[in-house]
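In case you want the letters, here they are:
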Amino acid sequence: MNDTPPLMRLHQVGKRFGTAVVALRGVDLDIRLGEVHGLLGANGAGKSTLIKILSGAFGPTSGTINWKGRDVRWASPRDANDNGVATLHQHIPLIPALSVLENVFLSEGGFLRDTKGARQRFDALCTQVQYQIDPDVLVDDLAIGQRQMVAILQALSTGADLIVMDEPTASLAAEEREAVYRIVRHLSQNEGKAILFVSHFLDEVMDLTDRVTVLRDGVAALSARTADLTEDQIAEAIVGRQIAALERRSREESAAHVHRFGAVALEARNLTSAGKFAPLNLELRAGEVIGLAGLLGSGRSEILHALYRADALATGDVLVKGTPLRNSPSAAVNAGMALVPEDRNAQGLFPNFELWRNVTLPDLRGVSTGVTPVRDRERQRGADAITKLGIKAHSPDALPGELSGGNAQKITLARWLFSTVNVLLLDEPTAGIDIGAKSDILNLVRQLASQGMAVIIVSSEFEELLAVCDRILVVRDGAIVATRETHETSEHDLFLLAGGKSASADQTQH
Amino acid sequence: MTVDSVKAGSKPAPSLAKRTSWARVFSLREMGVFYALIALVVILSVLTAATGRPNYLSVVNFTNVLYQSSLVGIMAMAMTVILITGNFDLSVASVAALSGALMIGTADMIGFWPAAALAMAVAMGCGLLNGLVVQVIGINAFIVTLGTLTAIRGIVLIYTDGRSLAVRDPDVIMAMKAFEASRHDMAIPILVIGAGLALFGLWRIATKGMAPNTLGMLLGGVALALVPVLSGFTLSLPNLVLYMAACALILWGVLNFTILGRRIYAVGGNPEAARLIGINVFRYKIAAFVLCSAAAGFAGVLFASRLRSINPTALQGTELTVIASAILGGTALFGGSGSVIKTLAGALLLYSLTNGFNILNLGANYQGLIEGLVVVTAAAIYTIGAKKKH
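Going line by line, the protein sequences match chains A and B. The first sequence: position 455 = 455 (this note's numbering), numbered continuously. Counting the second sequence from 1 gives a position; this note's numbering is that position plus 510.
Chain A on its own, in the form it takes in the complex:
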């Protein structure tokens, strides 16, 4: 296949934002017709940026994109689309109130919808991909997997040669994934389309792709034919060694049982939430740090929310220091629990509140005289938060929107450091933030644990978990599939468990 000229060739494509932020340092990538090309990388490696460049959302700051033999620069996503690059984004941009047919031909202009012609073309498309769906059903009534199919049909309807799929299977059930795989294979082998398949799941990448590129720190760390690779090699390439020193120390301490645990701080008994995760039992001791290792959509955040009693539909018991909690986050907070949520903008920050108001909110009594918050004390606490976590903000009066992602993230953590918190739940505390801020946060977690705080961290960056956790639970498809002492495992072991090899391998091992 190597003798065919590439459909798209990226040469040293780089992207910086402003002067300080470098997302891509120079990526080479060849995509050929009839080939499924897998793109992998940890969070922050530059995958999203690369996809946005391919799909025309923004241009590269350096390097060239060669498309069908000539250098191009997309003016807009529309421009890329018109030239034959269709992109399926992670969040499927369909219009729920329209029918399948209308969604598939959404991008077409014209005043009247040419229903008859559209229907014929729709049937042709369905035959082409060998997937049948009622064109008149409203998208709102479809399951998530079917919507994914509609999105694929939509991409095909534009006659694209290259289809970029950004984690198309992340939120799908097993049988829905199979349907996606079938279409992807069919498109590449029978229709001769080129497909860039972005995924976290190593097993599907091994099964499906002809060629793999792994991004790490904004460069292509690995690019080879899939047949020549093993899952291990791919996992190794994804991992890199960023927080190596921390990790080694943690591993040694964990092996030497340096960390002393206190009484049971948090206990879950038969905790479950229908459709989200299977019943689980969990014991967390004071001073212990547990990691939940899992990929996007594995149910890890859902478990954390249920532990925090923020899932109204969850059943089973959560006990703090032996006392069962009412199913409400206020009960959890009153019992000394704290959650740093995954999506800091949607679930964590108050955009109208200055930094100090954001920080003091959970413990207003601590800065009040009677029922009146005292502004000087509140602003002092804001200033303390800035010093404690090294938040880069001009003053406590900064609004969250004026700070960078990492610094805004630190606010959501800082607000829990001024009251009595015994159990801290962190949901992807380091997603999308820089390495410096990352190690700040990880060091803080270790420090808090040494003072007796019990911590659970959810992360898809397993090296971080290895750096701070005493014990790591691997979550896949809504179930805890393995438990590992930190010193007994490795990042690539975790990657295999969370994203690839089934848990049966694990059971035979122990």
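Hints were generated in silico from the structure; no laboratory data involved. Keep in mind that a hint or two might mislead.
Under the rule of at most 27 angstroms between Cα atoms (straight-line distance), these lysine-lysine pairs were calculated in the BS3-like manner [said to hold, decoys possible]:
#1 A:LYS392 <-> B:LYS687
#2 B:LYS718 <-> A:LYS388
#3 A:LYS276 <-> A:LYS321
Given the structure of chain A, go ahead and fit chain B onto it with the hints provided.
Frame of chain A; chain B shown alone:
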């Protein structure tokens, strides 16, 4: 997926010194409603003086405007609270009418105070119903209260059988008059409060430096203290105006100076974040509905006390004036921000316009057009201001 490559190691000491952007504090976005009110008063004064009509700025006219705007003012401030929590209530005028009708209908039998209490209880029940339907079923507040606006007006029609009700018992009539319209000379209390506020503001500025809220206290205090001075140290205000002032004082105090108030803003600013911080968002949002309907019920009792009778179409359409006042005061319709003092200024602005049209004898025909333009202009200024901020 941005990657910050700046190292977070170096920690510059955060400055506690307050950097106040005075340009923003005094921007149209923040202070527009006060500017508009001042400008309107100046224009009307000049026009009345120039055309030889009775002076707009007379004490009698000033108290008139206050009196006329009180009912809407009370409801608009409660509306501001519900808007801050991210909800909406279109049913206020219907609830007020129901409350008034119930009071008029029962006062002859059970006396004024029990009737008023009954009316208030029913009004708060309406608010609880609105809140539960919105929060439990999860229907948009606009739709729910559009429904109750119509339905509660329907109940008023059923209860009154489509006719006007009136009270006959002279004791009840006396009680109503005393409750709503008895006047008190407030010159000295206002002078004391105004001077107190101004002095407190001045003391804060002297000790802690200039800040927007202390400057506001100083200016507001001076303005307040000047009123009795200019009116010759007699200022007779009806009870209704005093009730409005009390509501303003309580709501302003709670929203700005208590833990409760901070949480109300938090609930509207980001409900999910507030929930995850342990605030009972459900309870706060329901409470805002109950408060809003309680204010409406109170306004209904006052309205009915004023007329000692009620007509089934009473106060119809007032909900729009109430919401317009809140919008003029810069309250965001999507929650998280708003100020009862600015809303009050918005209500005063609308009633000053009406009053000015009457005094200048411009004819009621133009009134609706001008009021509508004022509301849209204000909203435009706020929206453009908000975009610039980002």
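Outcome of the hint check:
1. Among the hinted pairs, LYS392 of chain A with LYS687 of chain B is inconsistent with the structure: their alpha-carbon atoms are about 62 angstroms apart, more than 27 angstroms.
2. At most 27 angstroms may separate the alpha-carbon atoms for a hinted pair to count; LYS718 of chain B and LYS388 of chain A meet this at roughly 26 angstroms.
3. Of the supplied pair hints, the one linking LYS276 of chain A and LYS321 of chain A holds, its CA atoms being roughly 26 angstroms apart against a limit of 27 angstroms.
In this structure, the one hint that does not hold is number 1.
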